[in-house]
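Enquirer: Line order of the protein sequences matches chains A and B. Okay, so the first sequence: first residue is 93 according to the numbering used here, each after it adds one. Okay, so the second sequence: first residue is 576 according to the numbering used here, each after it adds one.
Any given hint might turn out to be false.
From chain B, some residues computed to sit far from chain A (all C-beta separations above 12 Å) [to be verified]: (1) Arg610; (2) Ser629; (3) Pro647; (4) Lys653; (5) Pro657; (6) Ser719; (7) Asn763; (8) Val770; (9) Ala826; (10) Val969; (11) Phe982; (12) Leu997.
Simulated DEER-style distance windows between Cβ atoms [said to hold, decoys possible]: (13) A:Ala329 x B:Phe623: 19 to 25 Å; (14) B:Lys696 x A:Asp144: 25 to 31 Å; (15) A:Lys382 x B:Lys696: 36 to 42 Å; (16) B:Glu649 x A:Ser252: 55 to 61 Å; (17) B:Arg692 x A:Lys303: 50 to 56 Å; (18) A:Ala326 x B:Lys696: 50 to 56 Å; (19) B:Lys653 x A:Ala329: 50 to 56 Å.
It should be emphasised that the hints constitute simulated quantities derived from the structure, not laboratory data. Heads up, the beta-carbon is just placed ideally off N, CA and C, and yes, glycines get one too.
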Amino acid sequence: MKALKLTVAALVASAAFAGAAAARDQVQVAGSSTVLPYAKIVAETFGETFPDFKTPVVESGGSSAGLKEFCKGVGEDTIDIANSSRKIKDSEIEACKAAGVTEIQEVKIGYDGIVFATDAGNADLALKPEHLYKALAAEVVVDGKLVANPYKKWSEVDASLPDAEIAAYIPGEKHGTREVFEEKILAAGCKAEGALDVIKAAISDEKAAAKKCVAVRKDGMAVDIDGDYTETLARIASNKSGIGVFGLSFYENNADKLKVATVDGVVPSTETIASGEYPVSRPLFFYVKKAHMGVVPGLKEYVEFFIDDQMIGPDSPLAQYGLVAAPDAEREEIRKAFEAGNML
Amino acid sequence: MTELATPTVRVSTRPAESRRDIGIKRRYAAERRFRAYGISAIVLGLFFLAVLLSTVIKNGYTAFQQTTITLPIEFSEKVIDPKNERATDPKQLMTANYPLLVRDALVKQLGLDATKRPLVKQATDMVSASARTQLRDIVVADPSVIGKTIPVTLLAEANIDSAFKGQIDLSVDESKRKVKDRQVAWMNQLADAGVLKKSFNTGIFSFGASSRPEAAGVGVALVGSLYMMLIVLVLSLPIGVAASIYLEEFAPKNRLTDLIEVNINNLAAVPSIVYGLLGLAVFVNFAGMPRSAALVGGFVLTLMTLPTIIIATRAALKAVPPSIRSAALGLGASKMQTIFHHVLPLAMPGILTGTIIGLAHALGETAPLLLIGMVAFVVDYPGSPMEPSTALPVQIYMWANEAERAFVERTSGAIIILLIFLVFMNLGAILLRRRFERRW
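Same shape as in the complex, but just chain A (with noise of 0.2 Å):
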């Protein structure tokens, strides 16, 4: 009893003590899962080198989510770094600078890859963004016209492909990746394919066209993942004739697993996306806030040994790790852009 007494005695000190609790002494960081890996590498390097400072602590959860939890204004009590894997949107700047968060600054970190991939044991695969479209899309054309996807095999889409049913796994449309999918591929494959005339012909407005353009079939085919490339591994591992969406990074670590599809026929690697001949890739951002720079120890240092080259550059452990390095000339730009404190 008298343990509990003195335990109760104990936290109700401890939670007065939170109301008059002094500076946070670490940087927190929250937002998207694929810059979650790369931000960890640093957290833990940037702990390790700077003894002074405490290691940021890094939350997941999406980009999204991220943004939002950036934007609920300034002090301690908020994130001062959020991990996006997309631009942060004109509605969520409106947002943040409703809230008091007007000095943003943004830091491009590299390119993340995004490739197809299907069980290590299939023949080579050679894939087309129209390929993709013509077997995912809600809608597709025959013969000059709009009818609802009719296709049930790969080998139906095109004769290069495997005669095997179709199953894609895509990502949910809550992850920043679809985004990319959507536009990279489906997009691209409609234009090419030439539906996209077909729709305008049907639709007037251009949004319109270009939204059913990226729509996806809802018949089974097409598997929207929520989860994380774990899940879409598992999925591929149980049904090895799908073919799975993933980041080069993780591909790159489960390589004996998985067979990797070319693009346009291009096959995906640090190289052939930093030089953009691979289509499919899309950089990754995060954002500070100024007015924690200064006032949260570590956080100005966090950034700048993020963005040094021995964290993005091409030897990188960020790079060993699948992050496809900006180029040098660029790389140069986002330190010079952040030293000079360039705001959105």
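Assemble the complex: chain A is given as a structure, and chain B must be docked to it using the hints.
Expert: Structure of chain B alone, referenced to chain A:
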């Protein structure tokens, strides 16, 4: 007479007997069927439990072993402190090039040509990058080691660890795996020399989160979970018991108390993420408590556990026979005395069971912690519940999403640790219950 009587007896008894037979058979059959259902339900449950446990243990037991490389490290002054400044500049020891020490030792051990850089790089890649901090800590703790050669046990890099445990298919083409043929040859060479071996992985219990699987552990998560469990216990037990004693023994039975009761029952069934939303809005945003802190997590889990405890406690109080109350009142005890001297001790086993079930439930929750920022990568141990930490189930969730092969076994390893925790909690519940039951 008998010859005549027998048929009449038969005639008169047969319908009655057969009628009784039909009833008994039917009821026996029903009982047998019910027993069969019950046994099959238990067998089904046991089957799934066995499948679950066996997959978890099969995948996870290797996580408790870690491949280590013991090398004689020469703490050369030339590398650590070339200008002999450590007396005046303590930073010198923090920033020294410790990986070089590992490289030199490894080159010597393997008999490599130190000038062939790509070769040496491949060799040093076999040792975890955490060697830097490990050696630094040794030197900072005791600077007198500088100039000496001491055998140090370093962690092997995660892919070497996986390969040594046979988890990487080495028949796959070399370009498609993370472990190169040359590294495998070195690995075998070191293993033959007795330098590289598997040993018990204490790191999985003591390390914080890490992006390097070999240096990742549930240490921070264990501390975070412990803080939260303490907070939940200390807050929810007194509040829950007080609320249920009042509702059960003192409160008048009217519309209002009925409404409260319905609400408590409803709250027990509310999805836990709702408590996370509430915690974010009230504790973090309104009260300004820190994000990712075990304190907020404890508060949120307290809210979640309270209804469970109140319901269990009320049931336990109700189960105390009214004769006890009447006897105590009859002997002149006040209502307070009746409750605290007689009813509550009798209800204690039930209350404790409910509390521990509630705690075990709270221990396994991740959803409410997501929104208050506890699903996070936390490297440093939290010194107090105010500092960022994670929880055991969160660590499992985060490891399950990792790309590296070595995290697969660690995920299952962490599940085993969580299960052991739960077993101990339930054992504690049983022991406490026994003790309290014996008193009465």
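Enquirer: Look at each hint and say if it fits the structure.
Expert: Tested hints:
no.	hint	verdict
1	Arg610	37 Å, holds
2	Ser629	18 Å, holds
3	Pro647	24 Å, holds
4	Lys653	22 Å, holds
5	Pro657	19 Å, holds
6	Ser719	20 Å, holds
7	Asn763	19 Å, holds
8	Val770	25 Å, holds
9	Ala826	25 Å, holds
10	Val969	10 Å, violated
11	Phe982	9 Å, violated
12	Leu997	22 Å, holds
13	A:Ala329 x B:Phe623: 19 to 25 Å	21 Å, holds
14	B:Lys696 x A:Asp144: 25 to 31 Å	30 Å, holds
15	A:Lys382 x B:Lys696: 36 to 42 Å	39 Å, holds
16	B:Glu649 x A:Ser252: 55 to 61 Å	59 Å, holds
17	B:Arg692 x A:Lys303: 50 to 56 Å	53 Å, holds
18	A:Ala326 x B:Lys696: 50 to 56 Å	34 Å, violated
19	B:Lys653 x A:Ala329: 50 to 56 Å	51 Å, holds
The structure shown violates the earlier hints numbered 10, 11 and 18.
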